[in-house]
Amino acid sequence: MTSDTGTIRFILNDRSVALDDVGATTTLLDHLRLARRLTGTKEGCAEGDCGACTVLVGRLAGDELVYEGVNACIRFVGSLHATHVVTVEHLAAKDGALHPVQQAMVDYHGSQCGFCTPGFVMSLYGLWLSKDRPGRADIEKALQGNLCRCTGYEPIVRAAEAVAEARPDAVFDPILAMRARVKTELKAMKTGATIAVGEGRRLVVPGTVEALAEVLDSHPQATIVAGSTDVGLWVTKQMREIAPVVFINGLDALQTIEETPEGVTLGAGVSYSAAYPLLSRLYPAFGRLIDRIGGDQVRNMGTIGGNVANGSPIGDTPPALIALGATLTLRSKKGSRSLPLQNFFIQYGRQDRQPGEFVESLFIPALAPDAHFSVYKISKRRDEDISALCGAFHLRLDADGKVKTLSIAFGGMAGTPKRASQTEAAMIGRLWTEETVALGQAALAKDFQPLTDWRASAAYRNLAAANLLTRFYLETRGEGCELTRFEGAA
Amino acid sequence: MLTNERRQVGRAMPRIDAPLKVTGRAAYAAEHSEPDMLHGAAVSATIARGRILEIDSRAAKAAFPGIAAIYTHENRPNAAWLDRSWQDETAPPGHTYRPLQNDRVLFDGQPVAFVVADSFENARDAAAMITVRYEVETPETDLTTKLAERYVPPKKRSGISPPPDPRGQPEEAFKEAHFRISGDYLIENEHHNPMELFATTVLYGADGVLAIHDKTQGSQNVQKFVCNVFSLSQDKVNVINAYVGGAFGSGLRPRHQLFFAVMASLDLKRSVKFEIARSDMFYLSYRPAMYQTVSLGADAQGRLTAVLHDTVQVTSRYEDYQEVVVNWSGLAYRCDNVALTYALTKLDAATPGDMRAPGAASGLFALESAMDELSYEVGIDPLELRRRNFVHFDQNENKQLTSKALRACYREGAARFGWERRQAKPRSMHEGHELIGWGMATGIWEAQLQSAKARVRMSANGQVIVQAAASDIGTGTYTILAQIAAEALDVPAEDVSVQIGQSDLPETSVEGGSWTAASSGSAVDAACLAIRQRLLDMAQKDDASPLKDATVEEVVIRDGHLRLDTDPRAGVAISELMARAGETAIEEEGKAGPDAKQMKSFASYTHSAVFVEVRVDEELGLARVTRVVSAVAAGRILNPKTARSQILGGVVMGLGMALHEESMIDHRSGRIMNHNLAEYHVPAHADIQDIDVHFVQEFDDKASPIGVKGLGEIGVCGVAAAVANAIFHATGKRIRHLPITIDKILGETVGKAA
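Order-wise, the sequence lines are chains R and P.
Using UniProt numbering, the letters of the first sequence correspond one by one to residues 1 to 490.
Using UniProt numbering, the letters of the second sequence correspond one by one to residues 1 to 754.
Hints listed in this document are in silico derivations from the structure and should not be mistaken for laboratory results.
Check each hint, because a few of them may be wrong.
Claimed, not checked - Derived pair list, reagent style SDA-like, types lysine to any residue, alpha-carbon separation capped at 20 Å:
#1 Lys-744(P) / Arg-734(P)
#2 Lys-269(P) / Thr-46(P)
#3 Lys-744(P) / Arg-382(R)
#4 Lys-744(P) / Ala-459(R)
#5 Lys-156(P) / Ser-279(P)
#6 Lys-641(P) / Arg-430(R)
#7 Lys-237(R) / Asp-125(P)
#8 Lys-237(R) / Asp-142(P)
#9 Lys-733(P) / Ser-457(R)
#10 Lys-237(R) / Arg-317(P)
#11 Lys-733(P) / Ala-459(R)
#12 Lys-237(R) / Ser-279(P)
#13 Lys-269(P) / Asn-75(P)
#14 Lys-237(R) / Thr-131(P)
#15 Lys-641(P) / Lys-237(R)
#16 Lys-237(R) / Asn-674(P)
#17 Lys-744(P) / Trp-454(R)
#18 Lys-187(R) / Arg-382(R)
#19 Lys-744(P) / Asp-63(R)
#20 Lys-446(R) / Arg-430(R)
#21 Lys-237(R) / Met-673(P)
#22 Lys-399(P) / Arg-532(P)
The shape of chain P in the complex, shown without the other chains:
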């Protein structure tokens, strides 16, 4: 654990990359250029299922002499044949989509041709002139008509636990329960819509080495993908993602703009840039639509006696995309009779992808809505129902928990919200024309650790460099790694330079799943420990050293000295140690990763309690969220500023999920109708009012070596349910279909003059 009273860790330090961002100098993937480079533009399919009969690019070629190449399935350069070469480290099982592989159209917006020209305008305008003739087949894009064709994915996706086996006698227990509720829940597709468009710039080096600036959450994942697909050796491919304009999971898998830019660059031996349009972002990936059924049984006191949770989730024709949706229902509360089932159904659509808290955000909407419903059935406060069913154990895995300060979240969150003033009866609170509703929900996410390495270099003058292939997708990785090194080496954080976002740096997995701070942070801490050990070794070469008999645990770095922790007067200057050894700097690598032995008996989760106030203008169906309190237990907080922002952003994405976000598909054509930011509504500024983020104290020495659990996902977990529950409390209407739009709220309410 990190210990230092002169705290760098835990300090609300502003982001060290912020000055570059507020001046517009941080360069994103599309913002690297060289003279005379080529630009790409894709032609997207206008059908959701069928075959390409003909692609006519004659007019485009005649009009634009600056065209360098037009690629279609008929002339695409060779790429890898085996599925496994196309499967990146986050890919689900199946046949990975390969751009321009053949004449099949598998989903709306699939790129069917790629134009490379001397300018962006020429490429774009030429692409617009290319006409494609299709043989159209009837697409199936409506989940609700495909529920019967459900199947359990035969091959599990790496890292995604399938539901545990049933325990107890769930069906019988449900039948015999004192209180019973059961409901079906529907969620529509949601899209990540990071502000930055997906883009790749490939700079073709004189030696044939590619410098690839890509919008990705993992430079090394992309590097391996490029090497595998194009049969290149790693030393020919350097991937850079120094600044990433948001991703939320959409940048985990390599996207087609990468393939196209690299393919064209290799084929033409030129530098190529390809940035996709906002509308094309909607075809890349999405949080999948799913149909869930939750049944809860409880005894007379509201203690759960049966939990049944079933889900049918959308996937593509070609991959079995999986997330953890139902498992949460087996571990959130104490219950001995549990049946959890999870199935997929195939649609004519692109493969879904991980979007902030994949699985949990969706599954908890159903579970936590059902818990709310049960509380009214039992006749107790929804928060009290959750307290009565509290469990400090993972019944799915039969494991202890590393920590669970959820009761503190309930207590402190409720106090900050003023929950005790809530009137239990729905429709009982109002002001002016608006009904007021208060709802709450529990959030859970897994606290994970991934293998990560980091290199730290400390100079005799106290300057420190931290290096890792980690990414910062807006989360604050640059800043917290600087803080961790600064604390361990006792230098001002300003003296630490962090170099990340490059594939030739120490190995790190993709940034996702909330594991980067814990994993890369622990690796940096380990590298700093190794530096301390090196310094101690150097000191102990001197027999007269006061540190002669000390172990590495007994020494600390303070003010440029290596000192005894118990007697800070005994020490030696680091500059002197280095000078004696003839070094100007020392450099060490650190490693972190899951502890297999510990994982046998412990599971680790972050928790939250979310409280929401809505005001509903019932005659017009308008709902607005006026207050949110999110109380979070996530272990150690490295930087309250970046931490708070993670939760704020998560909560707001949850509000979008609850009230706004869905792709609207015309099921006759299988096409997305609202593929723009005007009609796909991410929360705008006016949708956000008072959000209070509170971190409860939680000590955890097992979740990760530095006590961190991660914060990227927990903010969104439970929010949609809390909003739906608040709307029920306000209106008496239980809406189980997200998003909760104006017409769902209005239902049949006809206004009457008072």
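Only chain R is shown next, with the shape it has when bound in the complex:
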């Protein structure tokens, strides 16, 4: 193991930053606004909902330099080692000339009170960097994580479309201008050494997976932070003391994505955004689900490993992963072990993770060519909302049209993401018909006694779960019922 250092280093706009006294849970937003007086980045909610604090964070992915929009309010400074943070102050040229995305926001009236504007500008700038000619769907997706209370959104979309249509060939672009320098500097920062800051190692950035196992062995009570899209709120909303904190987002070994004929292995640190291309190709319904997890900022930070390890009963991915038969690999200094994901969730707030263990990877079996797989997220607000319930269905029929295998899992229906075993049992071996579906619906009550809460009533959950089963049946019968968006007037 390389020897420890005690300094977090990153680039902020055009300046190098070295921090050796940063707090374990200091957020990037507070650092920008209070310590740096960069007040262009706004606080609207301090919990990753509104996007007013959107900044870009550039990181090395292999030899590539990738910039992603993130919510500065729930991003910890400790997780920024070897990155390039770009704020709205960096966007306009030194002579004051506006960047094309800024000019379009002016021209198309995308800014009214202006408070959400820098966040929107940075989301649009993130899109500008990632796509030359984004279409409407790309724009929609890029703006998903930004709330505005004045404009009604449409002027902002028009601004984005105008930039997409008339993208100038040559323009001053702050990131392009310093790309080579940034790459060199980030490479130099990424030494593979473990960084520990503060007395008693309150903030640790392990340089390798082995170092991570070592740290957790000596600090089993430490909080492992990957994307901080949930842990961030423990700090900003619940004022929870979570130190020591171990940041794993910089570990390349946890960022691996491997595809074999048997399935896909995702490292625990793979973000939703990074997993998206492969998952949406192999399991299209899964891709559509990811489209509805937060906004780009959350998808860029949040990891599927974290979503699983967190154990929430309303996490978005566990129902789909359970229905697909995913297995989880946990690792510690003592070694590794694997278990079916459905066994990982023991009860509300409790998972099968032993002290010193961390989630290393997740294996998702490939879909059989004749398999039907669907997952439905139901929420009160279509985007940027937590599931009221989420149901995943995975079916194979035999040559006679009987149910050969069926796995159904629900989130939001119990204290954990849970398999509908009784429902499955009522249907397996029977002809895949309306009558069988009715038997399954009747059995749902044996599997689930959901709660009434502010997202939905128990009655709603029971009904909607039964109706989802119907919907899945109809889909397998070839009736399209995917919600479509933006078709023209009737």
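Please build the complex by placing chain P on the supplied structure of chain R, with the hints as guidance.
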């Protein structure tokens, strides 16, 4: 009226403050700093009703040596005693809430202690360590259990008309009506949730003068409040609100962060900043929950013969907050038998506040839902029902209308929407898995004018400065005032610099009620007229001047010259006039305000027709609004860009009201459960699809001197009803309880395999 063929007014000019906003350089209330300033953080009550027994801050003090002060009700510095000193210009009658006044807890989230420390983190973390012991009393927060304790507010709120007396024989007429419908409507609390958090920065000057950057819709309202509460003279208090990150009514009244920051600054003689958290925004103010009953009677042709509208609305224990909810039902349509009643009931909650189209947004939901229901009863198209009941008169006030181009809204809105293709029968339109519903509603809002002053300075070189204490809360005030001055003085709008948002500028009321454009715009126009008069006076000192016999109406400013309107060749250069008079610039003030004489016989309203398409996935209870057409009659449109945005934003807030927005209260504890943007759903981008905003031609020379009626509220009016009506048309379910969430739509629908 403004007339100039080289139009600045009416031009779709981009916002002049936008470049500052897209670069992050526009500084909001919390973004002013000086070295070594202090930061505040509040401790919020965790009960909704009771008494504070003990506040223990020993641990906090021990842990944070940087604490400058901890204020509680036991050590709060003195402030004004009389209620009237605490009542700002928008306050309702009652005993204004005074922070840290005594040991009583009146509402969930009430601040019970205020920590001031050397850094934001220290203040926040110290506040989190303070423990409070309470004597908890059982709170009453459920409106539906308090309907019987209704009362008519004994003192009316200034500016809010109580319901008119009943006219005709409403009860009898209803009983005898050919068609009758009656329904109860419930609306939950809604919160403004502007994107900017409430914040105040007080910069303590060496001379003891306070420069207060506050999130407010009225710098002078705040200035007067601070002076009254802390017994300061106006020259010691300057309030600045140059940029306001949205408010929607929440910034009308001074909020507690202002009180705390000023109190601490005066006490410690230091600069203090206090920004509240998003969760605390939910305790400040809200559109009040209300229970409404509307009964409509009609003859065989669907002509209204009886309108009865009753409302019981939530208020706090300590103030009688009032809005105009039911009056709209007496003036929207022709009807000679009308009974309108409006009562309050007290809950253990903070006082509600004005939220975009206060009263109208709520009242029209009930009225326009009822009109829709009546149309099915009568068996005619909902739009046709409204046409049959059209009235060009205000029967409540017995006044003529300054204008009402609502028929054009109906006609042009329906055409743009394609309303004639609507199939009348509910559940008759569908596509794929979704039921399609088309609904509509009428919107109304009062067009008001408030007293306003403005100062305009024109330099010999054509540079113009406009000054007023007006606010721009995202509405476009900066831009339209520049346009008005530019047009009147015939200079490029780029040469006009607008200085607003400061209490030492010419007097202006709070920005609210959609009156700023009409009021401040007219004041700027009046100041420009005064400049023209001054120039004419200067010109007429020369006996040989071609303008010698002209009146001010006969001259215009063109290309830096004062010219005869009828003969533009006859004129004199402004620079020459000023040079002759030895001036480099001239400055005049203008005034605008309601015309009392005209108001005796005329009433003025803006109108709209809103058409909505919803698609409902009935098995899951998911509704989405796929199309909206909002056709608006609002007099003169100063800037199509800012105007359109006002309507767009209003419509989207209406969609939120219809489908998403409510505070969810645990009535056992009286506490708000969803006090964050994750669980309180404002519309997100995916909720918005195709919104078509259309302004119909409407000429009005009485609503305001510049022909403007105002646009801030009309966009939201009627939207919630139009959505509910569309959902009825799609599903056959009449949902009278907002918001219309997934479980209300799903009801008992069990999916069956087809």
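Hint-by-hint comparison with the structure:
1. As the CA atoms of Lys-744(P) and Arg-734(P) are separated by approximately 10 Å, the hinted pair is consistent with the 20 Å bound.
2. With a C-alpha separation of about 31 Å, the suggested pairing of Lys-269(P) with Thr-46(P) is violated against the 20 Å cut-off.
3. The suggested pairing of Lys-744(P) with Arg-382(R) holds, with an alpha-carbon distance near 16 Å, which does not exceed 20 Å.
4. For the hint linking Lys-744(P) to Ala-459(R), the alpha-carbon distance of about 11 Å falls within 20 Å, and the restraint holds.
5. Taking the CA atoms of Lys-156(P) and Ser-279(P), the gap is about 32 Å. The hint is violated against a cut of 20 Å.
6. This hinted pair does not check out: Lys-641(P) and Arg-430(R) have alpha carbons roughly 62 Å apart, beyond 20 Å.
7. Using a Cα cut-off of 20 Å, the hinted pair Lys-237(R) and Asp-125(P) holds, with the two alpha carbons roughly 12 Å apart.
8. The straight-line distance between the Cα atoms of Lys-237(R) and Asp-142(P) is roughly 27 Å, outside the 20 Å bound, and the hint therefore fails.
9. The straight-line distance between the Cα atoms of Lys-733(P) and Ser-457(R) is roughly 19 Å, inside the 20 Å bound, and the hint therefore holds.
10. Between Lys-237(R) and Arg-317(P) the alpha-carbon distance is near 29 Å, which puts this suggested pair outside the 20 Å criterion.
11. Distance hint between Lys-733(P) and Ala-459(R) is fulfilled; the C-alpha atoms sit about 18 Å from each other, no more than 20 Å.
12. Proximity of Lys-237(R) to Ser-279(P) is assessed by CA-CA distance (about 9 Å); at most 20 Å being required, the pair is judged to hold.
13. Distance check on the hinted pair: Lys-269(P) and Asn-75(P) sit about 17 Å apart at the alpha-carbon level, within 20 Å; holds.
14. Straight-line distance between C-alpha atoms of Lys-237(R) and Thr-131(P) comes to about 17 Å, which keeps the hinted pair within the 20 Å bound.
15. Between Lys-641(P) and Lys-237(R) the CA atoms are separated by roughly 38 Å; this puts the pair beyond 20 Å, and the hint is violated.
16. Restraint check for Lys-237(R) and Asn-674(P): satisfied, since their Cα atoms lie roughly 13 Å apart, inside the 20 Å limit.
17. At most 20 Å may separate the alpha-carbon atoms for a hinted pair to count; Lys-744(P) and Trp-454(R) meet this at roughly 13 Å.
18. For the suggested pair Lys-187(R) and Arg-382(R), the alpha carbons sit about 40 Å apart, so the restraint of at most 20 Å is broken.
19. Distance hint between Lys-744(P) and Asp-63(R) is unfulfilled; the C-alpha atoms sit about 52 Å from each other, more than 20 Å.
20. About 19 Å separates the Cα atoms of Lys-446(R) and Arg-430(R), which keeps this hinted pair within 20 Å; it holds.
21. With a C-alpha separation of about 13 Å, the suggested pairing of Lys-237(R) with Met-673(P) holds against the 20 Å cut-off.
22. Between Lys-399(P) and Arg-532(P) the CA atoms are separated by roughly 35 Å; this puts the pair beyond 20 Å, and the hint is violated.
Taken one by one, the earlier hints fail for this structure at numbers 2, 5, 6, 8, 10, 15, 18, 19, 22, listed in ascending order.
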